[in-house]
Amino acid sequence: MLKINQLKASVVGTPILKGLDLHIRPGEVHAIMGPNGSGKSTLASVLAGREEYEVSEGSVDFDGHDLLDMDATERARSGLFLAFQYPVEIPGVSNINFMRAALNGKREHAGLDPIAAKDFLNLVKEKASLVELDGRLRDRSVNEGFSGGEKKRNEIFQMAMLEPKLAVLDETDSGLDIDALRIVAHGVNSMRSPERSFLVITHYQRLLDYIVPDFVHVLVDGKIVRTGGKELALELEERGYDWIKEGVVS
Amino acid sequence: MSAAVKSQPQLGPQRLLAHPASQAKGLELDRQLQAMFPERTNEAADALLTTLPVPHRRLERWKYTGVNGFWADCTRNEATYSDSKGLNPMPIPGLEAYLMVFVNGRYDATCSNLPVAEGVSCMPLSVAEKTGLVDRVLTDMEHTDWFAALNGKYASDGAFLSIADGVILDRPLVIHHRQQGQGSATFLRHALHVGKHAEAQVVTWSSASEDATGFVNVLTTGSVHDGGIFRLDKVQDEAGAVHHLAMESIDQAANSQFCIHTGTIQGLWVRNDLFIRLNGSGADTILNGAFLPSQSEMVDNHTTVDHRMPHCTSSESYKGILYDRSKGIFNGKVFVRPDAQQTNAYQQNANILASREAVMNAKPELEIYADDVKCSHGCTIGQFDEAALFYARSRGIGEAEAKSMLVHAFVADILDGFGVEEVALEVRHRLAEKHGWNRWDEPSEL
Chain A
1032 MLKINQLKAS
1042 VVGTPILKGL
1052 DLHIRPGEVH
1062 AIMGPNGSGK
1072 STLASVLAGR
1082 EEYEVSEGSV
1092 DFDGHDLLDM
1102 DATERARSGL
1112 FLAFQYPVEI
1122 PGVSNINFMR
1132 AALNGKREHA
1142 GLDPIAAKDF
1152 LNLVKEKASL
1162 VELDGRLRDR
1172 SVNEGFSGGE
1182 KKRNEIFQMA
1192 MLEPKLAVLD
1202 ETDSGLDIDA
1212 LRIVAHGVNS
1222 MRSPERSFLV
1232 ITHYQRLLDY
1242 IVPDFVHVLV
1252 DGKIVRTGGK
1262 ELALELEERG
1272 YDWIKEGVVS
Chain B
265 MSAAVKSQPQ
275 LGPQRLLAHP
285 ASQAKGLELD
295 RQLQAMFPER
305 TNEAADALLT
315 TLPVPHRRLE
325 RWKYTGVNGF
335 WADCTRNEAT
345 YSDSKGLNPM
355 PIPGLEAYLM
365 VFVNGRYDAT
375 CSNLPVAEGV
385 SCMPLSVAEK
395 TGLVDRVLTD
405 MEHTDWFAAL
415 NGKYASDGAF
425 LSIADGVILD
435 RPLVIHHRQQ
445 GQGSATFLRH
455 ALHVGKHAEA
465 QVVTWSSASE
475 DATGFVNVLT
485 TGSVHDGGIF
495 RLDKVQDEAG
505 AVHHLAMESI
515 DQAANSQFCI
525 HTGTIQGLWV
535 RNDLFIRLNG
545 SGADTILNGA
555 FLPSQSEMVD
565 NHTTVDHRMP
575 HCTSSESYKG
585 ILYDRSKGIF
595 NGKVFVRPDA
605 QQTNAYQQNA
615 NILASREAVM
625 NAKPELEIYA
635 DDVKCSHGCT
645 IGQFDEAALF
655 YARSRGIGEA
665 EAKSMLVHAF
675 VADILDGFGV
685 EEVALEVRHR
695 LAEKHGWNRW
705 DEPSEL
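As they're listed, the protein sequences go chains A and B. Just so we're aligned, residue 1032 is where the first sequence starts under my numbering, counting upward by one. Just so we're aligned, residue 265 is where the second sequence starts under my numbering, counting upward by one.
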């Protein structure tokens, strides 16, 4: 699904990713943890195609295609989804029309006609119930005036609508109370399938109690320095990151 | 409160300075026009044309707006007067309305449909003036603006509408002006009167053929009497290469309401000059506008709201999106005279530069001489919200569509605000065609 080889990337001249390797197979859930400033969100941004980030070396193969060769729109249409750490407010564009444009963009890419209004409405109902997003939030402007939890639920709603092959969740747990965390995790878990992969970026182990990963990677200073199973997350929670950082230095 | 001595402010020609070269050009144009239209004379206007400064760059009101297009050769263009074939007289589909059609400034009776009702008087201005129903009175606008004075002299026709006290015009009146052919010097003058507690909705719609050039100089004089309501939707959709100067000179009496809503879809050179006087307390004015010039188009919105009496309100919102090498100008003057206590005036102007070469000049101008008022204003010029653009693209929405979406969201409140729903729909439709707006801009059927 995703093969990242020796990826190096910088933002305004500062190197952030310094030779990152990561392979994700279909159906797998990978978690990336790491201290602040290790490059977690940079990785998410580079994968989604944010243009401020410059890739200097390495390759990213996404489902047989060169991901780095595609712009942000093409990546999304090919089945990559990024749930934002800080979802953006777009005043004046209704959530529902936004999703219709997104869905039809994807359908156009796949050579399909725009979705019929009735089918679209049914799909919205089905997917919104998954994350308990009520009608009021669907009709409002994209993320405008949403609480932190509502914004994150809206991200998962969008993910459910677009049914990506690979979803990257960038600190989706940040700013969530425990109830919202449960709802978000339920939305993600109900989408797990043998064809769909997840890359869960998080600072804390807490989220991984709900979204149980197959692999946990530790990112330090732009490289993955340790990989293990879900128990690695527990160990990190207990011991912090310093022992790993020390291990890297020595 | 101590009786402070306040100097009486003046909105007047004493600030204006003539420039010899411009003056010569103006007089030359006047001579040309006089030769073309020998039957059109007006002594008062003649006096103003010689004393008022002809617009030039060193006048603050014309600093950003070049007027060279007006000095080009112009014609009477009789040949195209009667040739209204290919013209769609009613530009707004599905609207039940009264209609007055003018082609190059001349009334086209065959295409028109006038209201006939008790208390409603509607006819071409030429007829109203000939029968003595109304006199050519020059307003403050002609006394301060050279182009307005030119209109006072040369406008020979336009719409005349007078609504008697307490009468409500049952349908909108659409005044459609069409510019066609080469170099036509077109003058048009509308006189619109809304009586006490009367109500009227008027739509002025300007169109032009692809090959049209020349200029259109249109002055709308209006009066809204005590408790009257007058709504004016103003749409400018001129193809070709026309210079279009539209002036509104409006007087409002106590407790009256005037709303003007301007949508500029296209036009090579468009200037809107609004001059609204609040002469009675409790009067309320709403003025909104949206302009979306592209290529090398220029759109200028100059507004003046003159608060002369206490307890009046005015609310203004203009939004611009400037594409390509286009240019926009906004100048919003709010004038609060010493007697106009308890004035509540709000002004907003927000603009997006959609291209690196586009230019916007914006200036709020508040002159406040009363001490117990609430006046606020805001002005922004920005670019596309990059974060929102990336967010949309990361959902699979193409860059062009994402931009259209943001643009549309930005002006939606103005576009939705026309007094006549069919006008709002048609403006939206035409903008969608011009800018390639997509499905999401249709009202959601969900």
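Keep in mind the hints are simulated off the structure, nothing from the lab. Given the structure is predicted, the values throughout are model-derived calculations rather than measurements. Using N, Cα and C, we set each Cβ at its ideal position, and we do this for glycine too. Don't take every hint at face value.
Beyond 10 Å from chain B on every Cβ pair, some chain A residues (computed) [said to hold, decoys possible]:
#1 Lys1034
#2 Arg1081
#3 Glu1082
#4 Thr1104
#5 Val1119
#6 Lys1137
#7 Ser1172
#8 Leu1193
#9 Asp1208
#10 Arg1257
Facing chain B, according to a computed beta carbon distance under 8 Å, are these residues of chain A, among others [what the hints assert, rightly or not]:
#11 Ala1079
#12 Gln1116
#13 Val1124
#14 Ala1132
#15 Gly1166
Structure-based check of each hint:
1. Lys1034: Given that every Cβ of chain B is farther than 10 Å from that of Lys1034 (chain A), nearest at about 21 Å, it holds.
2. Arg1081: 6 Å, violated
3. Glu1082: 8 Å, violated
4. Thr1104: Not fine: 5 Å to the nearest Cβ puts Thr1104 (chain A) too close to chain B.
5. Val1119: 4 Å, violated
6. Lys1137: Lys1137 (chain A) is in fact no farther than 10 Å from some Cβ atom of chain B, at 5 Å.
7. Ser1172: Answer for Ser1172 (chain A): violated, closest chain B Cβ roughly 8 Å.
8. Leu1193: Its Cβ does come within 10 Å of chain B, the nearest being 7 Å, so this is violated.
9. Asp1208: Holds, since 24 Å exceeds 10 Å.
10. Arg1257: 29 Å, holds
11. Ala1079: With a closest approach of 5 Å, the Ala1079 (chain A) hint holds.
12. Gln1116: 12 Å, violated
13. Val1124: Status holds, d = 5 Å.
14. Ala1132: Because about 5 Å separates Ala1132 (chain A) from the closest Cβ in chain B, which is inside the 8 Å limit, the hint holds.
15. Gly1166: Where the cut-off is 8 Å and the nearest Cβ of chain B is about 10 Å from Gly1166 (chain A), the hint is violated.
Of the numbered hints listed earlier, those contradicted by the structure are 2, 3, 4, 5, 6, 7, 8, 12, 15.
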